[in-house]
Every structure is written in structure tokens, then in C-alpha cells.
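J.: Keeping their order, the protein sequence lines are chains H and L. The first sequence begins at 1 in the working numbering and counts up one residue at a time. The second sequence begins at 1001 in the working numbering and counts up one residue at a time.
It is possible that part of the hints are untrue.
As a list, the in silico PhoX-like pairs of lysine-lysine whose alpha-carbon atoms are at most 25 Å apart [claimed, not checked]: (1) H/LYS200 <-> L/LYS1162; (2) L/LYS1200 <-> H/LYS595; (3) H/LYS200 <-> L/LYS1595; (4) L/LYS1271 <-> L/LYS1320; (5) L/LYS1200 <-> H/LYS162.
In short, the hints are calculated from the structure, not lab data.
Protein chains: 2
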Amino acid sequence: MAEETTHTITFQPGDIVCDGVPHEANVLRVALLEGVHINASCGGTGACGKCKVEITDGEYEGGKSAKLSDEDYKAGLRLACRVKVMGDLTVAIPEESRMGDAVALTHERRPGPGRVLTAQDLEDLVAGWRIDPVVKKIALKLDAPDAANNINDLDRLKLALKAQHGLENVSVDFHVVRDLPLMLRLEDWLVTVTVVERPKGPKVIQVVPGDRTAEDFSIVLDIGTTSVYAQLLDLKAGKTVAEASEYNGQISYGEDVITRIIHSQKAGGRKKLQEAVVQTITAVIEKVLEKGGVDRCQVSHMVAAGNTVMTHLLTGVNTKHIRIAPYVPAATFLPPVRAGHLGIDVCDHVFLYTFPCVSSYVGGDIVSGIIGSGVFQTDKITLYIDIGTNGEAVVGNSEWLVATSCSAGPAFEGGGIEHGMRATRGAIEAVQIDPSTGEPHILTIGGKPALGICGSGIIDTVAELLEAGIIGQNGKFKEAKAGQWLRRNADGLWEYVLASQEFTAAGQDIVITEPDIDNLMRAKGAIYAGITTLLNSVGLDLDAVEQVYVAGGFGKYLQVDRAAAIGLFPEINPERFTFVGNGSLLGARLVSFSKDMQQAAEDVARTMTNIELSDNQFFMDEYIASLFFPHTNMQWFPRMEKILARLGQEPIDESGKKST
Amino acid sequence: MAEETTHTITFQPGDIVCDGVPHEANVLRVALLEGVHINASCGGTGACGKCKVEITDGEYEGGKSAKLSDEDYKAGLRLACRVKVMGDLTVAIPEESRMGDAVALTHERRPGPGRVLTAQDLEDLVAGWRIDPVVKKIALKLDAPDAANNINDLDRLKLALKAQHGLENVSVDFHVVRDLPLMLRLEDWLVTVTVVERPKGPKVIQVVPGDRTAEDFSIVLDIGTTSVYAQLLDLKAGKTVAEASEYNGQISYGEDVITRIIHSQKAGGRKKLQEAVVQTITAVIEKVLEKGGVDRCQVSHMVAAGNTVMTHLLTGVNTKHIRIAPYVPAATFLPPVRAGHLGIDVCDHVFLYTFPCVSSYVGGDIVSGIIGSGVFQTDKITLYIDIGTNGEAVVGNSEWLVATSCSAGPAFEGGGIEHGMRATRGAIEAVQIDPSTGEPHILTIGGKPALGICGSGIIDTVAELLEAGIIGQNGKFKEAKAGQWLRRNADGLWEYVLASQEFTAAGQDIVITEPDIDNLMRAKGAIYAGITTLLNSVGLDLDAVEQVYVAGGFGKYLQVDRAAAIGLFPEINPERFTFVGNGSLLGARLVSFSKDMQQAAEDVARTMTNIELSDNQFFMDEYIASLFFPHTNMQWFPRMEKILARLGQEPIDESGKKST
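Isolated chain H (complex conformation) (with noise of 0.2 Å):
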């Protein structure tokens, strides 16, 4: 892959240099993930006009809008939302663009994003690994039988395969059988045979006449909990060619596992979740191809990572005792499946291999995070954290690894919040709040009029109505913080108003309530308890921990310090901390492309330990001690201490509550 073009900004006043810009980035949306604030009310479609600035050195497009007056566009402002970086580049900011008064340009800087990874970054995470699919199609040319020959078919292939192809030891699918006899004659036998490596040996699943090996594809999932990812592989080219995801439709039947295990027990209740999320699944499906343009016989593999209950629920496996203690899944490692015996749309000879799980709470995502961001090679002591329905943390190195999850809600995924959304176009991903007025700006996914919020948006909006003084620590508004944007509902509850129904495409206004805030809060909680509990399992200090991996749906989007100040994350060194997005789908990718990953995989699934939080009583203290913004004991968080102080915020004792 060429390596990217990037370009520096340096915004004015305050000379604030941004490094590392791609190629056509869009100006707005580059200061606002940096923490340079620029005014927009509308998410950054050109509907506000509030975004002006002057560029006054570099190269770059656009900048027009109807919101933008000849008059100022003589005068040389531009629209930042509607601006393209061509070049290095110097903009300008307005007195009117930006906040009320000077605190957002002149309080200190806020620390930098932490890593985020271009595609070209993300296949570097994992070394030393090579296109060689576990599923390869193999392109064989045959005799033709005569009467000194006539050795039946499927042995002929057999041969063929081991004299031109060295495969010894090979077993073919039943199916293949049937129509063995057309196939090999179809094109004067000339077929393609796909196998499979198993570990007692090649399997043929396919043969088809002719030479179709350039046609080889994979799909590979995340099932999530709350929400489904889909990659459609190209095996030969080893590239991406199409992504998608839906929320998982087993959300119907209850938004956490544990509700999902509860209902699977009901009389018919596992069938239903499987044809649930295989519903999901047929759709994630239908738009990868659609949108890659392939055909769907030409996918021959299939992986799915998720946690270890959607790994049982999708395969149609009892999941009772996973809840019951002492949490016993029925496998960690399940026998591969014929998806299309699952309901899946797929040809008939594709196999599922769902990932391997360590237990009954680390599953096979975490399995394949671990893989897809290298974290079962490096030797720095890692923290690897997926912030999903799940949370889960693994602690380790290429030595050793251990894990715990808990249980954190699917708030990070706009899940059991008012306006939430996944992290898909239109939703709103960045949030600054002008702490003079209490104004929010905004940025959406792709510059589209406001959906709803995203995971991203929903911590940005939390961590700058705190700094702002709108919510106290407990989460809770401030009623003398009332006016435009805080406000009483019809039922009299506080809510924030985000975007207003005039720039959104909800047909409302786009809002944040405090029921919203709590689900974020119980859901940072459970995750930073998670995270201090497995370090003190394992004896480790924060400080211990040399590198962070963040995972999950929303992962590139979110910024490191604002995690941190609604107490996410501790306030350590942004520059540990790496985003790896989706690390499931990650580790399945390579896993469709290299059976040698999908070792590493079987391999880091038996040796990771795991412990358990249920019942565990240093975590249960963790977590209500995190049930505060950011936190009942800032020893980890000092810049919000500061921040929290400015505000005339009390002190919190050592009890966690208040002191007043």
C-alpha cells in the first residue's frame, strides 16, 4: 500500500499546530478531533454558516455554502466544514467562529488524541505473517480416464491433488461427490478444487469447473452484542473490498447477555436469538456483496469472532450455565459448522469458523483482538481494552495474557440512550461545549444533518458538559446552568439540546437527558473497575502498563482525554494509548488470510487466563468507587482535578461521596 499524504495545520491565533492531516481531510473535522474549537452548530453541513475562517496560506478546495455571504467570501472567509486540505495549511479563526469568550483557545491545551491507525498502520500491528488462507482454491488440471485408466473420479482428484499440489492425507466432502462427475468434465478437467486445512488434514468443500481461482473471497464478523460488523476479503488480492455492519437483532429479546441467556431458555427461545442474529447477519452479508460487487458463490470462507455467548447463540448452543456458577461455557472451541445448516445465505460448501473463546466471559473477540492488533508478539507489558456491550481487558504480553470482562451496557454503542446511534453517517461523533454559554458545536459522521449520537459523541458531550460546569460529578444537570440549551422536557426531566430540530435529520431536536448520562456512567464504571481489577490480579500499577489498545465500534473516534475526564480511562500518557477500532473483525481479517493466524488464535485462546469478576469483591468496591465523573479517588486523574477545582467543585473523601 503507497504510503498516505499528510499535511500540517497550524490554526490561528495560538499557533496550534496539527500534524499528520490526510489528503483532503476536512478542515472542521480536523480541529474539532484535535480540540481546536471552531463554532457549528449543524454537524458540519454547511447549514449553520457558523464555521468561518480564513485561510490565509496553503493549498485547498471548496469552502462555499449558501450560509456564506459574497460579502465575506471577498473577504476571504471560508466555510471550515466545507473546506478540503490540499496542502499544508494556516487558517485563521475568527473572533465570531469562536467560543464566547477566549477559554477554549487560551485553557491549556488538551492532550493529543493518542495513535490512530491508518489502514496501512493496522497491518503493520502484527508481524510476520502472509497471505496463505486456510481456505484456498486450487486450480487442477486432470487426465482424462481411458480404458488403461479408468480409476474413478474422486480418487483421480485425490491423486492430482498430491502429485501436483503435494496434498497428502486428503478427505472430501460428501457433497462434492455427488456432482464429481460433471464438474471434472465441464471444462475437459480443468477444475478448481477449494480445501480446507484442517487439523487432521486437507478437506475438500468445492469443485468447480474451469480456473476460478482468481475469484476467492471471504466474509469475516464481528458479532457484537449490541451490533454486527461485516468484511467482505478479497483472499487473493489480501485486501478489504467491502465493510458494513446493523445492530444485532437479538436486541429485541433484551440488550445484555445475560437477558439474552434468560430468554434462550424460554421454550423456543434459542432458536429465536440464532434466526435473530442470522437475519442480521444476511443482511450484513447482502451489503458487503452488494457493495463489492461480488458474486455470492464466490465467498468460500466464512469467520465469526464475537463473545463467547453470541459464539454460542449464533451456533444454537444451550448458554445456561454460562450464567449460572460456576460459569461453565459447553465449548470454548466449537467444531467448524456449515454456515448454511446455520440459516446463513452462503453456498452450501462454506464452513463457519467461529473463533475460539477463553470462557464463559472472554470470548473469541477478545481472542481475535489480541491477534489483530499484536498484542500476542509484543513484549511490552499491554493493556488491551474492548469497550463494547462487554467491556473486556486483557493484560499481558507475548509471554502471558489474562483477561476479565464485565458487563458495561451498550451505551459506548448508543444503545439505551435517547438519541443514540452506532457510529455511522449522521451521527454526531464530536462535541464542544462553549463553557461561557453552554453552546454545543458539533461534528457528524460524514457531514450529514444529525441522526443521533454515537458512542464518540455521547463521551465528547458527558466530558464537556463537565468541564463546563452543566452536570456536577454525580451527573446530574445544574439547574442554574437553565436557558437555550438546558432544559425541562414535557415530563419536567432536564435535557441538553444537541442539535436543534432545524439542523437534523430526526425531525427533532437532537438531545442528551440525564437517564442518558447515568447509562454512561454505570457503563465507564463497570470498564475502569474491570481495568484496576485485573491489574491488581496481576500485581500491576497503571504506570506498569507500557501500551493501551482501545477497541471497539467507535474506537478511532474517541479521544483519549475525553474518555479520561468522564473517567474511562486513567489520565496516563496519551501517547500509550493506540486505536485499533473494531480489534474483533481485526483479528478475524488475518485470520481468514493466514492459516498461521489462525494458530496464533487457537493458541492464544488456550493459554490466556481469565478472571472472574462475578462475585469478586475488590471489583464490586472498584466499580461503585467509579460511579463518579471521573472518579470517587482522583489520584489518576489530576488535569481533571484542576479543571473540576476552577469549577468551585467540591472535594470529594476518601468515602467516595461528597463531603457536603
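Assemble the complex: chain H is given as a structure, and chain L must be docked to it using the hints.
T.: Just chain L now, kept in the frame of chain H:
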């Protein structure tokens, strides 16, 4: 198995001694099968009252019937068809129960019937095997999980299989995992695990709660072109529990394999043929389960032996190229397939093992027969003949085996014969004809009113008609013999009445027609020509054959001398002949009991070579020469030559045609 008690019967006049008569045998049956004549028009049902005998010495039971007058009974007469042998007997056959003149008892005694095997004899044919099925039920007690050992259920199972039974490298069928948690816990961690040994290691195919190892059954099938035979086996006891048979439902799509191949190539044809035989299998399974009082769920394995075409059609495999030179089957070793997947109504976990085949026309039924009869172990040069719709012949011993196959048509199984039927209750299985009067005397299977004629009955009838001079060597009736039993039917065609309506359950006279005789001639001609061509191909003479094993649905009842009379076999020493009955079923049974035998079957299939008869000119010449009773060349038929000479038949010249 305890040795069977046998007795000796001495028939008078003539001091004809029959040894080895089974306890409780029927006197009429013993007499007719040993070539001792006693009149019987009703097949042995007690309805005609013709088989009066006087038992002058020994222990017996029965002998009464409404047809025996009190006067006769007081005079010491009994009906032979109603007498059960309970000890050594002397039986006097009075004048009135003998043939019209003394010829039957005075003419040269016919040679013995060849060796007919008891169940014990059959087991003794094969040495060194023991009950050790490839599919086994294992009782397993597991430790319940606790917090210290909460490994997943599947690994717990695998570890226990290894620790308690030394099973390593175990794979587990996906379906087993789904309800494994429930199965393990239902009877407190005591389970029965069904394991199948595969070339690549053991595979768990079922886990059920409790110790169910006592209930372990298999079903073995002989899938013949005309008939399907099933046995239900108790794998634990090593016993056959029940047997059943049905005509193969595929018959309605053609009587021979070629017609069926052609039909299978029509749209939907392959599916229809598969469904037809599966329906038949379902019916025979139903029967054996009912007879055996065994629940469907207790069956854990199925083995099917059939010719190559039957094996392909049962499993839905393309047969097209079996019929086209160079005669290539899709596969000779089919991968195991879930029986339920083929539509066979057994539990989902049951796999169907199909016997390996050798080539397009030497199938798994022959391999099975070679195993079941012990030919693969013998030092003696052995000729193995399987007489069915396809006639197959194998020559060789433990060192080498050469096979061939020819299409005989269904005549030997009662197919294509006006009143033909399979060898089941009510079938006329033995026939004697009084040469002086032309009167038939018949014996039916089970002593039931006649329903039709089975293969051995047809052979007997034609042999007797020939020896009585009622048909000529060309198989045509002699008008001069017209009378009560030889008559013209409504269409003016000749037919011979074997049983008159009053003694049948057929609702009409049971007759044999000229087309029936013609069908038999072509059937026996093909088999005889196959044998001589096979021997010629390996440079052996009939004299070099040290033993002959004859298999076939009718095999046990067939009499060597009757078969030689029509020219099905040469007149070699009858003591060299052994009748193994259904050889295909015999081998399938062994393979179901013993994994070593399965291995042996695969070795035989791999090493047996094959002589192709299509386009073989030697075979065609032999076949044409065989279309005569017994043959145009009387070299191997000295006894028949004498009898025919006595009847005043014209000698045959070397060209194979009558000289006049």
C-alpha cells in the same frame, strides 16, 4: 452359540439316510431338499393330504390334518408336511405317496445339496474377528465443575475420554455440542458417548444422559437392484435380532442398473431414484425394529452394501459415466454420510457407512461377500458367485482376487417371471416333477399356501421339466406332454401349472410360462459365461477351483444338482459348493460388528482387480453357447448328458446347435 442338535432320518424304501437334520425340522421339507420324493400338491400346508408317510421308528410331533382320515391315522399314517422331527427317525413312504412309477426312488440318487450353513457355520467362515464395532457406546462419569475447575463442557468430555478410555485426538460432531450442557447434567455427569472410529481419529457423534451402553444396535443393509435386505444387529451381544426384506422401490424405474442410470439422467430422475430406495429402506427398517422390539433411537450405526450403481443412487451420486466407456464411477470409497441427510428415518447422529466398491460393475456387495464368506482369508483357490440381478463372480484367495460382473436380470429373485416372488413365506422353493405323469410336487417356504415361485423354485421347476422331458434343451414346451399340467393359456401360449388355485393363496393357478423359462435361460447363461470368462482370464480351468461359494437371496435353498441341470453351474463335485445365503449382508454384518473387518473390506476393495465384460468377445461367445439347457458344450455336464440321452435328446454338435 450352543451347537445345534441334529438328527438322522432314514427314508424307506431305499435306505436313504439324511444326516444333520435340524431339531424340529419338517419331514416333507427334509425329504424334498434331499431329493427324496414325497407327493405334495399344496406346498406343505396339509391341504392336499398327499404326503402320507409311516413313521416306523423314532420321536416326532404332529402329523395330523383334516385331510388325514381317522382310519389312516389309526393305521399309523401321518402327513409328512405336519411332522416335526424330535429325534432320529425311520420314515416309510408308502406307494401312494410316491411318484407314479418307481423312477424317483430307483433312479440314480441325485448328488448332495452342497453345504448349507447354520448361523454358527456362517460366523465360523471368518477367523480371528471379535466384536469391536467401529461405532461404540461408552459410559463415562465426569467430575462436576467447580470454581477451581470450570473448564468448558466439551473439553471436560474430551479429557475424560482420554483419561478413562485412552482416546486421543477426538473430534466432536457440531450437533453434539449444542445440548451438551444439558446432557451432561441430566443424570449427574453420567453419560453415554457414541464414538465412531474414523481414519483420522475418533469422532463423538452423540452424548446422552445415563448409562445406555446396553442398548446399542446397528442396521445393516444389502441394497440389491431387485431387493433390499436388512438385519438389525445387537452390537453389544453380537447377535442378529431381526431380518426383513422388500423389493427395491426403484424397480418401477427399470429392472436393471442400466435402465436406472438412464432414468437418473432425466430431470429430477436422480432424486426420484434416491427417494425410491430410501422409501424401501425406511420400510425394512420399520420392519426390523418392530420385529426386534427395538426403539429407533437405540440404533447408532448403519452399514449398506450394494453394487456400485445402487451405492451411487442411494447416496444421490451421479452415475452417468458408469455406463459410458471407460466406465468410470464417481467414487468407489464414498465419504460417510449422515443417514438422515439421505432421508433415512433414524436418529440424526447415525452415519451410513457404504461399502467400498472396486469398479463400476464390481461393487460393495461383492467386497462384502468376500469378507463375509472368509474368501479374503483362505489359501484355497475359491470361486465366489453372487447370483442376483447383477451376477458377479470372483476368483482368488487371500493373496489375490479378480472379479467380474454381468447382467443376469432379476429372474433369480423372482423378477420378470409371471408368478415370480422373493424367497419369503408362501414362495414355492422346491419342486419335483413325476417324470411318468408330469405331476408337480411342491414345497413352500413356511408351509404356507403358495403365493408364487422364488428363484430356487424356478430353477427346480425348469430342471425337473427338462429331466422329465416336458421342455427341450431350447427351453420350449413339448406339445406331446400337454395334459392336466401343461396347457395353453387364454392367449394360446404354453404354461405349466405348478399349483392349482385350490392350494394357493394367489387366487389363481400358479404357472410357469415359456417366457419365464427364456428369462431364466438368459440369466443362467450370463452367469455361466461370466464364470468361464473370468477363469479363462486368469488362466484357470474349472478343475482348479478348490471351492465354490454361492451367494444370493435364494442361495440357501438352491440345490447344486438342480442348478447344474439347467447349466447355471458346472457339474463339479457338489461338496466343493458352500451356500452362504446373502453374502452381501453377511459381510455388512461383520463390518458392523468389527472395525478390523471394516479395514479388511477396504483392503479388499483396494486390491481386487476387475475384468470388464462389455465388449469382451470371449464372454459374448461363451454367453451365446450358454443359451441352451444346460449348455451347448456338454463337457462339464456329464450327468445331464446321460439323462438327456436316456430321454432320447439329440446330441449337440460343436457349433452349439442341434444337429438336426
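J.: Check whether the Cα positions of L/LYS1200 and H/LYS162 lie no farther apart than 25 Å.
T.: This hinted pair holds, its Cα atoms lying about 17 Å apart.
J.: Holds or violated: L/LYS1200 and H/LYS595, Cα atoms, limit 25 Å.
T.: holds, 20 Å
J.: Take a quick look at whether H/LYS200 and L/LYS1162 sit within 25 Å of each other, Cα to Cα.
T.: The hint holds at about 18 Å.
J.: What's the verdict on H/LYS200 and L/LYS1595, does the C-alpha distance respect the 25 Å limit or exceed it?
T.: holds, 20 Å
J.: Is the Cα-Cα distance between L/LYS1271 and L/LYS1320 25 Å or less?
T.: holds, 14 Å
In the structure shown, no violation is registered for any of the earlier numbered hints.
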